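Q: Take a look at the letters that make up each chain.
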Amino acid sequence: AQRVTQPEKLLSVFKGAPVELKCNYSYSGSPELFWYVQYSRQRLQLLLRHISRESIKGFTADLNKGETSFHLKKPFAQEEDSAMYYCALSGFGTDKLIFGTGTRLQVFP
Amino acid sequence: DVKVTQSSRYLVKRTGEKVFLECVQDMDHENMFWYRQDPGLGLRLIYFSYDVKMKEKGDIPEGYSVSREKKERFSLILESASTNQTSMYLCASRGRDTSTNEKLFFGSGTQLSVL
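Protein chains in written order, with the numbering used here: chain A, 5 to 113; chain B, 2 to 116.
Same shape as in the complex, but just chain A:
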């Protein structure tokens, strides 16, 4: 069965500190992994996807198939990074997206 696990409900760091939001998944086929973000009073939006291997707003995420992980990282957190972050999984070529329970990131000044 498809499952996405985000073990941390809340992550609090100070501005300038490194950030790692954990995401582990279980899926028997080839997964597509995504990170979505929801800033306060805004709609949920795509942050990045593993296929494109891009860095968005300083965030990166590497798919580790051996550890079935897709952790989101940023070397220096900014206050504007404070938001709710969701890891999501889709089976390759399928339409359905399954989300984790989310991690709230708080970045203090």
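Derived from the structure by calculation, the hints contain no laboratory data. Every value quoted in this text rests on a predicted model; they were computed, and no experiment measured them. What you were told as hints is all true, and nothing was included just to trick you.
In silico DSBU-like pairs for lysine-lysine, Cα to Cα no more than 30 Å straight-line: (1) Lys104/B <-> Lys61/A; (2) Lys54/B <-> Lys72/B; (3) Lys19/B <-> Lys100/A; (4) Lys13/A <-> Lys104/B; (5) Lys58/B <-> Lys13/A; (6) Lys100/A <-> Lys72/B.
Use these hints to put chain B onto chain A, whose structure you have.
A: Just chain B, lined up with the frame of chain A:
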């Protein structure tokens, strides 16, 4: 710019009422989804539709039904609302070609309170 529009931002209903949540997208997307978002539980898929008149159950379909009579519109129906259906409901859409169109576009959500 893709628009996914949910008809109501806030809705208050009484237990036992029939509730309709409407969602419209303007990008000619084949796939549409209904999620509910609850603190500590994240987003859970209720139903999705991959074409007109086609639907599939998600992870928590009990107590809900859906309707997709037109490509741009996907309705979520609570036949008899209950207090445990109080939640934020999110509609989303996505194009058919998932190799180049991975983005799931979300509406702004409908906060439903069932009293």
